[in-house]
Each structure stands twice: as C-alpha cells, then as structure tokens.
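> Sequence:
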Amino acid sequence: MPGRWREDLPGSPWRWLLAPAWCAFAPAAEIRRIAYDRGWLAVHRLPAPVISVGNLTAGGTGKTPATRLVAELLRELGRKPAVVSRGYRGSDGVNEEAALVGDVPVVCDPDRVRGGRTALAGGADCLVLDDGFQHRRLFRDLDVVLLDATRPFGADDGGDGALLPLGYRRETLPALARAGLVWISRADVVEPERLAALHARLDRLLPSGTPRVVSRTGTIRLERLPSDSQKAEGRAVDPRQGQRPVVLASGIGHPAAFETIAGRQLRVLASRRFPDHHHFTAAEAAELAAWAQKHQADLVVTSKDAVKLKPFAASNAMTWILHAEPDLDRSDREQVRSALASAIG
Numbered sequence: 049m050p051g052r053w054r055e056d057l058p059g060s061p062w063r064w065l066l067a068p069a070w071c072a073f074a075p076a077a078e079i080r081r082i083a084y085d086r087g088w089l090a091v092h093r094l095p096a097p098v099i100s101v102g103n104l105t106a107g108g109t110g111k112t113p114a115t116r117l118v119a120e121l122l123r124e125l126g127r128k129p130a131v132v133s134r135g136y137r138g139s140d141g142v143n144e145e146a147a148l149v150g151d152v153p154v155v156c157d158p159d160r161v162r163g164g165r166t167a168l169a170g171g172a173d174c175l176v177l178d179d180g181f182q183h184r185r186l187f188r189d190l191d192v193v194l195l196d197a198t199r200p201f202g203a204d205d206g207g208d209g210a211l212l213p214l215g216y217r218r219e220t221l222p223a224l225a226r227a228g229l230v231w232i233s234r235a236d237v238v239e240p241e242r243l244a245a246l247h248a249r250l251d252r253l254l255p256s257g258t259p260r261v262v263s264r265t266g267t268i269r270l271e272r273l274p275s276d277s278q279k280a281e282g283r284a285v286d287p288r289q290g291q292r293p294v295v296l297a298s299g300i301g302h303p304a305a306f307e308t309i310a311g312r313q314l315r316v317l318a319s320r321r322f323p324d325h326h327h328f329t330a331a332e333a334a335e336l337a338a339w340a341q342k343h344q345a346d347l348v349v350t351s352k353d354a355v356k357l358k359p360f361a362a363s364n365a366m367t368w369i370l371h372a373e374p375d376l377d378r379s380d381r382e383q384v385r386s387a388l389a390s391a392i393g
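Quick note: the sequence shown uses the numbering used here, first residue 49, plus one each step.
Read the hints as simulated data drawn from the structure, not as lab findings.
Since the model is a prediction, treat every value here as computed from it, not as a measurement.
Among the clues, some could well be false.
For each label pair, taking beta carbons as the anchor points, the in silico distance ranges come out as [claimed, not checked]:
id, residue 1, residue 2, range
1, A389, K342, 25 to 33 Å
2, Q341, R93, 52 to 60 Å
3, Q341, G393, 26 to 34 Å
4, H343, E382, 23 to 31 Å
5, H92, G393, 14 to 22 Å
Backbone N, C-alpha and C define an ideal beta-carbon position, used for all residues, glycine too.
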C-alpha cells in the first residue's frame, strides 16, 4: 500500500480491520478525482465568486485562521463575504466555525451549493468555502490549499501518509494541481532543511507559476475562557517569558502542532488529547479542571475546543484560550490579496 500508516492507530489489529475500508476508499477517491477532472460529474456554478480554503489532509493545518484572513482581505477589496461550511456543532448547539470567524456571516449546510445560495440570498456577494478542496460539486474561482509544514502530505516526518482511513490524506498528490494558491503554514515549527525539501517537492508537483506563500506562528495570545455571563479578559503572552506553568487539552485533528506551538512560548507540564471535534461533557470539564489544579497550573485549550467548553467555564476559572494567528510577511500577504482580487474580478 502506498504511504505511511497512521501512527495513532492503537496497534496492528486495528490497522488490519481498517484495511478493507482503505481498499474501498483509495480507488473511489481517485476515480472521483478523475471524473471531476474530465467533466464526467456535474459542477454547479453560483452567480458570485467562490473562494475555497481547504487542504489535502485531514486534521488541522491552520485553516480557520486562514479563512478569517481571506474574509478580511475580501472586505478590504470591497466585497461582502460569507463563509459556507459543512458545520460541526458543539454539545450546546454552537457551530464551531461561526464562533471562530468573527463577524463574518456563516452558513452551515452539508450541501454547499444550497448553503451558497442561502448566503447569497442573505446579502453576501462572494463566498468563502470552508474546508472545500474536496467539495468539487460547487465551482470555485480560486482554490487556496493549506499544507502544514509539520505534516504536509500526511506523515509526521514530512513523507507521504496513506489515504484515509489508514492515514490522513484525503486525496492523491496529483490533486494539488488544482490549487490556485498554496499556503504553507507553521513553517517556523520545522527545521529549515525540511522546509527547503518541501519547497523542492512542490516545485515538482505544482504547475509552473502557482503562487505559494509561507506563514509562521505569530506571538501567541491567551484569552480568558468566559462563561455566558462573564466578559472575556485578554492578556498578551511575552514569548521571552513563558514561565507560568500550564497544561494543555485539545480535541483537534493535529494536536501535536498545537502542543509544539504552545511549548515554544509557555512552560507546559502535561497534555491530554481527545478525538477531533470532541464534544466535551460537564464531567470531562470538571475532570480537566481538577487535573490542572493537581499540577498547580492553568489549563490552556484551542479556540475550537473553547467553543465546546464555554458552557462549563464558570466552574473553571483557570482556563485560557490559545490564539496563534498566522504571520505572513508583507509580500506574501500581498500575494494572497492579489490572487483574491484576480479571482473576484
């Protein structure tokens, strides 16, 4: 089988159990890609520009901050964007994406074509398709594809991971040819040699002239996790300090990246991982609070997990949300803006 196994599968028996599913998914994904490439499957075009922000792999690549920035730049260009998302909801019914992209309108619908029509009817004049690289039923004017420098092709060592469900890759590498802009995130987390090797490989994989930008992790910010009756209190974290002890908890697709970023600027004593899109219960929130108190540390969570922990925050005054916005240099930010301007006409 091509690619590496997922390292988080608990033992070889599970891998063998998933092998039949892999044997079905891998050829189906490739047949689907070819069918769309050759025009055998219908693509729906909406009467407004569509910008897709997506990735080649499952798990976190920094897509949510990138989506926020794309929407911000579209507003700078005089547009009224809305985000169209499949939609994941927390235990209190709050949608994760809607809570994370600020004041940009968000429409959640598993049918992105229908969701796009709803957004346009609500006053939007362009659409940002969240996690839309594989949702090819809806025509897009620009595909922004994020590659996490720590795991660009699905393997933690930078190599090729297997396709789902045995690995993290959603598609084969030829799919990258569809990208109108490639965004390498978390470039500062890997060694310069690995980043150079990634660029060299992209030179071979991408059509000539495909724009490419690189973002690094900016200075992190900690925000107090409020309950519905509390006002959020923000405080900056000096990256030269980081002597306050913390413990980490996350339920995201790529927890190692979150842990690495936090560990570079905070004194981390321990960490706990939950499944991606995990819905926290009151009992789990209380247990995390007790765990942090046992370590005499603050609890730090991701912004996505904060959405689902917020209903339980009143009983845990020592929880903080870690924000780490991508840091694009001026020329790369302008390159993203230029690609968007071309796409929206």
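> List in ascending order the numbers of the hints, as given earlier, that are violated by the structure.
Hints 1, 3 and 4 are the ones this structure does not satisfy, whereas the remaining hints hold.
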